[in-house]
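Asks: In order, the protein sequences belong to chains A and B.
Residue numbering for the first sequence follows the numbering used here, starting at 1 and increasing by one per position.
Residue numbering for the second sequence follows the numbering used here, starting at 222 and increasing by one per position.
You may find that some hints are simply not true.
Short derived list, chain B residues pointing at chain A, Cβ under 7 Å [stated by the list, open to error]:
#1 P344
#2 A345
#3 P347
#4 V360
#5 V361
#6 Q362
#7 G373
#8 P378
#9 T421
#10 L422
#11 R425
#12 R426
#13 R437
#14 W438
Which stretches of chain A does chain B cover? Using the computed rule of at least three CB atoms under 8 Å from a CB of chain B, they are [to be verified]:
#15 64-75
#16 89-103
#17 159-165
If you are wondering where the hints come from, they were derived from the structure by calculation, not from laboratory data.
The beta carbon of each residue, even a glycine, is placed where N, CA and C say it ideally should be.
Protein chains: 2
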Amino acid sequence: MSPAPPATPGAGKVPVGVLVSGRGSNLQALLDAAADPTFPAAITMVLANVPGAYALERAAAAGIATAVVPSKGVPREDFERALLHALGPVEWVCLAGFMRVLTPTFLGAFPGRVLNIHPALLPAFPGTHGARQALEGGVVQAGATVHLVDAGVDTGPILAQGTVAVHDDDTEATLAARILTLEHRLYPMALRWAAEGRITLEGRRARVALAPGESRWIVGE
Amino acid sequence: MSPAPPATPGAGKVPVGVLVSGRGSNLQALLDAAADPTFPAAITMVLANVPGAYALERAAAAGIATAVVPSKGVPREDFERALLHALGPVEWVCLAGFMRVLTPTFLGAFPGRVLNIHPALLPAFPGTHGARQALEGGVVQAGATVHLVDAGVDTGPILAQGTVAVHDDDTEATLAARILTLEHRLYPMALRWAAEGRITLEGRRARVALAPGESRWIVGE
């Protein structure tokens, strides 16, 4: 793939970088949202730590600049410095299926400006396999959470959450798919709040200046 | 208080004991539900481990037999044997603000037949101070869970859950009150399922045979 040159965000758009490792379905949800002229953010760079990640093709198809910054066998600090260099002048960073834990080397460059989405109702079921953990935990509803990233694993301040039903006949795959559909609604919503400067922190609690009719809680299907 | 003699449950009613330690607002919700002639369970005994617990007055006012089985300074096994003795011939046991962890000495006498209610969306925020933990954790909604009791703390199979909004201006007291209102809806619902024999276990997951229009998930206010 020959990467596109970095996009210039439209006038008044907040430039955002997205970090990916895999298929990038949440990247697609963000790209689709950003295609709306009224969306306040523009995705200007998509970085993968895994060569050949399918998310890179989605970015290229949308005319977005991409780069691969390999992590395998690279000292963590060197990797994160390379990420920072490749990102260019973005204001916010979204993790979308990015399978590396970031350290203060990276996070310090974007204090309170890195978003992640997690397939569980945090603080329940952090880490991997959110859907499987929800099934094994026997909860009545599963969910997803958008949060600011801190140095822990899925521990940062929560911005938005939502739920989906767990069905008696759910498998990990069917439940994960239902959660993913919810994620695709939650993530663009939270990025909008971020780009519009509507998020503030009060200790470990995030506040969002909500517009009438908006909610930080989505009931999925 | 001179305790009433053990009540004889009405024909076809499942006899239930309730264990309390404090004010017993969830006991009241169960008593109110059981006052409905169509409710399938009858509360026949209320036991407190704390002398003078206000819940005992609620039980007495409803004409229910009560007893105090002191736990303070009593070896755990002796305490639990005394509880079993005092309970009489009940089929299910509900914990309602009962502040002791039960061991297999007690639980073995009611396998899969002890219910508890917890003021959080388990497995998030087990233990004490569910509302405080929810505030400090910055979650978008708080909740409550009815579960079967196992030897862990708030780890048993989940029967019913519900959510309430967290408001920006919530204190621990205002949020706990909102959760409590939700608890008062959830607990009688789950006891009905228990008394009607509609709960089955599949590993650690509980199944409930739901009637049309019923849900194991309640959206509170």
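Asks: Using C-beta distances, would you say chain B covers the stretch 89-103 of chain A, given that this needs three or more residues below 8 Å?
Replies: violated (count 0)
Asks: Does L422/B hold up as a contact with chain A if the rule is Cβ-Cβ below 7 Å?
Replies: Since the shortest Cβ distance to chain A is 9 Å, the answer is violated.
Asks: Next item in the hint list is P378/B. Is there a CB on chain A closer than 7 Å to its CB?
Replies: holds, 5 Å
Asks: Tell me if P347/B is really an interface residue toward chain A, meaning its C-beta lies closer than 7 Å to one of theirs.
Replies: violated, 10 Å
Asks: The hint names V361/B as touching chain A; please verify it with the least Cβ-Cβ distance against 7 Å.
Replies: For V361/B, the interface hint holds, since the closest Cβ of chain A sits about 4 Å away, which is under 7 Å.
Asks: Next item in the hint list is G373/B. Is there a CB on chain A closer than 7 Å to its CB?
Replies: At 13 Å from the nearest chain A Cβ, G373/B fails the 7 Å test, so the hint is violated.
Asks: Min Cβ distance, W438/B to chain A: is it shorter than 7 Å?
Replies: Given a least distance of 5 Å, the restraint on W438/B holds.
Asks: With a C-beta cutoff of 8 Å, work out whether three or more residues of the stretch 64-75 of chain A approach chain B closely enough for the coverage to hold.
Replies: violated (count 0)
Asks: Hint check: is the beta carbon of A345/B less than 7 Å from a beta carbon of chain A?
Replies: Holds - the Cβ of A345/B comes within 7 Å of chain A, reaching about 4 Å at its closest.
Asks: P344/B was flagged as interface toward chain A. Is the shortest Cβ-Cβ separation under 7 Å?
Replies: holds, 5 Å
Asks: Is the hint on R437/B kept, meaning its closest Cβ partner in chain A is under 7 Å away?
Replies: holds, 4 Å
Asks: Identify whether the interface hint at V360/B stands, where standing means a beta carbon of chain A within less than 7 Å of its own.
Replies: At about 6 Å, which falls below the 7 Å cut-off, the nearest Cβ of chain A leaves the hint on V360/B intact, so it holds.
Consistency with the previously given hints fails for numbers 3, 7, 9, 10, 15 and 16, ordered from lowest to highest.
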